[in-house]
Structure formats: C-alpha cells, structure tokens
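**Student:** Chains as they are written, first to last, in the working numbering: chain A, -10 to 142; chain B, 631 to 763.
Be aware that one or more of the hints could be misleading.
[Unchecked claim] Some residues of chain B that are not near chain A, with every Cβ distance over 12 angstroms (derived):
1) Asp696
2) Ala719
3) Arg720
4) Asn742
5) Pro744
6) Trp749
7) Ala763
[What the hints assert, rightly or not] Simulated DEER-style distance windows between Cβ atoms:
8) B:Gly673 <-> A:Ser85: 42 to 48 angstroms
9) A:Glu124 <-> B:His693: 34 to 40 angstroms
10) B:Ser678 <-> A:Val13: 36 to 42 angstroms
11) B:Ala639 <-> A:Lys68: 21 to 27 angstroms
12) A:Arg64 <-> B:Ala639: 49 to 55 angstroms
13) B:His693 <-> A:Glu24: 33 to 39 angstroms
14) A:Ala27 <-> B:His693: 50 to 56 angstroms
15) A:Arg41 <-> B:Ala665: 44 to 50 angstroms
16) A:Ala12 <-> B:Asp661: 34 to 40 angstroms
[Claimed, not checked] Here are some chain B residues the structure puts well away from chain A; computed CB gaps all over 12 angstroms:
17) Trp641
18) Ile677
19) Tyr685
20) Glu698
21) Asn702
22) Asp716
23) Pro721
24) Thr739
25) Ser741
26) Phe751
27) Glu752
In short, the hints are calculated from the structure, not lab data. C-beta atoms are modelled at their ideal positions from N, C-alpha and C, and glycine is treated no differently.
Each chain, written out:
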Amino acid sequence: MHRSAAYNLLARVRDELEAGRFAVSIVLGGIDQDERIAQAAQVYDVTSEELRRCADNLQVTFVLRLFSEFEAVLRDYWKEGLGRSSAPDMRPLMESIARRRAMSQNDLDMAHEVRLYRNVIIHEKMREGGFDFSECKQRLGMYLRWLPLQWGD
Amino acid sequence: MTQAINNPAHWDQRRMEWVASVKKLVDQLADWAAAAQWTVERGSKTISEKKTEAYEVPTLLIHIGDDEIRVNPIGKLLFRAEGRVDLEARPTLNRVKLIADGSEWKIITESNVPIRSPWNFETFVQLVRDLLA
C-alpha cells in the first residue's frame, strides 16, 4: 500500500460524511414543505424525528467509520509492511508501530485520544462533548505521516 | 435559452472555458508555490460530468517539506457553483474549496463558511500554512 492510498481512504470517509450531511439537510429541510419529499418519507416509513436523530448522530457515526479505516491501514502495515502475523489490540498496535517508526510522542498521544473517544462512543453511547470529525481526521492523519511512503507489494 | 441549454455545443463551450480557467489557476498556484520556495509536481485527471464528454484537467501537488497540498479540480457542473477546485492538505486532511466566481476564486471552508480574503499570493501562502497547521 502507498501512504497516499491510506490518506485517500480517510479522505473518502470525509467526503461521504459531507454527502450524508447534504442529503439529510435537504430532506429535513423539505419534509415539512415539499409534498413529494413528505410522500417519499411516508413510503419509506421515515419520520422527521428519525431524520433529526440521523442528522444529530451523523458525525459520531462517521468518526467510527474513520477510525475503522485507520485501523485497517495499521493492520495492513503490521502484516504487509512489518511481516507480523499477530493481531494485537489497537492500543498496543499503535504503540508498537509508533516505536518502530520513531514517532513523535505528541502525534501518538493525539491519535490515542481519538481511539479513546471511539471507545467512549461505542461503550458509553456518548454522542456529544468529544472531538468533532475534523479534529479526528487531522489527528489520525498526523499519525499516518510516520508510516513509510510504501509497504508490501 | 432552453435551446442553448439543450445544445451539446453550449456545454462543450462551457467545458472548454472551465478547463482554461483551471489551467490558469494551476499555473498561478505553481508560480506562487515556486515564489514561496515550495516544489511542485504537475499531473492531470479525467473528470466525467453529465451533459458533456469526459475531459482532462491539470492537477498540482505542492510539496512543503514532508507535507503536501493537493490541487484537485472537482468539476464545472455543480450545484450552486460555477466550478470547484479543492485544496487538500496532507497529513492533516484539511481542505478548502475554491469556487469559481467569474474570473475570481472564492474560498469556502469545509463548514461552508466563506473566507473573505482577496485571492492573491499572500492569501494563498497563509491558506497553505493554515491547512497544514
């Protein structure tokens, strides 16, 4: 994998979040005013309340997707770049790669905070008060800069 | 008016104007990057849009030390825009959109907030630094 391909994976999640925000905002904006949107929502059994919840949770949903792409990149590097066959948990995986790549402690810590936030979202159902998506992608991007330009075949 | 919109020649003309304005922008950014002592790599990409054949536009990769700014044309036929080129930073993945506005470019953040600064060398250099910060 090329490091640029890893960045492309994260950038795609960012673009999909933007597409999702656009789509939800158009439908939410029109559901009470546009008869066609209201009828379509009825056909699909989607309520305004569900759409509002979808809009509210869109960002944290995409933080989970972003982190999952980040994890996939690290696991690919672990296997294809470092030739390791083990499957460590995310924290030791991030630590181990950071040590091997002589990563700055600051960039590692910032990425760990996103990992912890991801855990909070999953286990404590937290929906507010954490990092926004933009902050998460920036921090994970800074971690990826320490990977080599290319690894594997 | 309707006849003009349905006429393929109308869209071909708009496409040619758009490609010319992207080329002008890319040349301008390459000059500004050189003036800031950053290195550039030129490239190209193919864009497919409705109402017109696929076409090629220039792209630019600006190297600032180990960091990069990617100049990525998105398209001409966009909702609420007369054409868009993205400036995307790596490793931060921060991005702004340059929206064509006549012969000018408007800078729009990812939150769709406009940056009301004139489009010039100083703005560009500051923008690059902010995108990488």
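**Student:** Which hints from the list above does the structure break, by number from lowest to highest?
**Tutor:** 1, 2, 3, 4, 7, 8, 9, 10, 11, 13, 20, 21, 22, 23, 24 and 25
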